[in-house]
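When you read off a place in the sequence shown, starting at 1, and then add 9, the result is the number in my numbering.
Possibly wrong hints are sitting among the right ones.
[Unchecked claim] Straight line, CA to CA, 16 Å or less: simulated EDC-like cross-link-like pairs of lysine to aspartate or glutamate:
| hint | residue 1 | residue 2 |
| --- | --- | --- |
| 1 | 33 | 210 |
| 2 | 11 | 252 |
| 3 | 175 | 210 |
| 4 | 11 | 200 |
| 5 | 140 | 164 |
| 6 | 156 | 210 |
| 7 | 11 | 41 |
| 8 | 175 | 223 |
[To be verified] Here are the computed distance ranges between Cβ atoms for each label pair:
| hint | residue 1 | residue 2 | range |
| --- | --- | --- | --- |
| 9 | 193 | 126 | 21 to 27 Å |
| 10 | 137 | 242 | 27 to 33 Å |
| 11 | 126 | 190 | 29 to 35 Å |
| 12 | 81 | 156 | 18 to 24 Å |
In case anyone wonders, no lab produced these hints; they're calculated from the structure.
Idealized CB from N, CA, C, for every residue including glycine.
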Amino acid sequence: MKPFRFGVVAGYAPDLRSWTAQAKRVEDLGFDTLLATDPVGTADPFVLLGAAAAVTDRLRLGTFVLADPFRDAKALDWQARTLHQQTGGRFELGLGVGRPGAETHAAHLGREFGSPGERITRMAETIAVLKGTADRPRLVLAGGGPKMLALAAQEADTLTFTWAPKTTEAEAESIVERFRELAGARLPDIELGLNLMAVGDAPSPGIARWAGVDVPELAAADAVTVLPADPRRAAERLLRWRERWGISYVTINSGYAEPFAAIAAEARTAGG
10 MKPFRFGVVA GYAPDLRSWT AQAKRVEDLG FDTLLATDPV GTADPFVLLG AAAAVTDRLR
70 LGTFVLADPF RDAKALDWQA RTLHQQTGGR FELGLGVGRP GAETHAAHLG REFGSPGERI
130 TRMAETIAVL KGTADRPRLV LAGGGPKMLA LAAQEADTLT FTWAPKTTEA EAESIVERFR
190 ELAGARLPDI ELGLNLMAVG DAPSPGIARW AGVDVPELAA ADAVTVLPAD PRRAAERLLR
250 WRERWGISYV TINSGYAEPF AAIAAEARTA GG
């Protein structure tokens, strides 16, 4: 089994001082990674991650996830390699096809967005450019649909499962098994991850607006997108998922950084 890694996804940066303070806090809490959304509010994640690298020492930095339609492949390769090399290898490139609503930002940038199938095809072409250089950042792909799973099975260094909010353990197991079959002999080389929505069962208007369902309902249904607030119970669940599915890299949005840090510490103590 792979050792646990834990990360925080940050999508808000009112100014550079607040952003760098957040990066230092994430490192002080013991997390392995700080991941920037695309965009971070209205800001370019590459600019902010460079600033985060300058004020941290151990923390790895990444994107969760860059929208491939926003950028030219060769320009993206230049940016990613620069950050990878200038940080001493602390940068990890998370790449995706764009979340719902991303077509508006793509249009603002003068970029074609395309259909889901076209975006996956184009992302495969981007990955070929990124992998043209040996000294490159780790490639993280996020998804749960058949086409993204198939692409990740061929190309990803890390796959982060992005399941629907109400996904049950039985449904998750089916998706994991599908990926394991697709990955075949590559499976031992691929780190498997999960992006959580919440810790505990307190209501979250923001999550309710985005997901169409609030945290209490997800917690009551034992959805795999929410962990119990009790660190011991939550750690037991993570240990079970790692044993059962091989999931060892777990991330959550920055609003839950403190409670998730306690869970991460408990899981490391219990299982490494």
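Verification of the supplied hints:
| no. | hint | in the structure |
| --- | --- | --- |
| 1 | 33 <-> 210 | violated (28 Å) |
| 2 | 11 <-> 252 | holds (10 Å) |
| 3 | 175 <-> 210 | holds (14 Å) |
| 4 | 11 <-> 200 | holds (8 Å) |
| 5 | 140 <-> 164 | holds (9 Å) |
| 6 | 156 <-> 210 | violated (33 Å) |
| 7 | 11 <-> 41 | holds (14 Å) |
| 8 | 175 <-> 223 | holds (10 Å) |
| 9 | 193 <-> 126: 21 to 27 Å | holds (24 Å) |
| 10 | 137 <-> 242: 27 to 33 Å | violated (44 Å) |
| 11 | 126 <-> 190: 29 to 35 Å | violated (22 Å) |
| 12 | 81 <-> 156: 18 to 24 Å | holds (22 Å) |
Checked against the numbered hints above, the structure violates hints 1, 6, 10 and 11; every other hint is satisfied.
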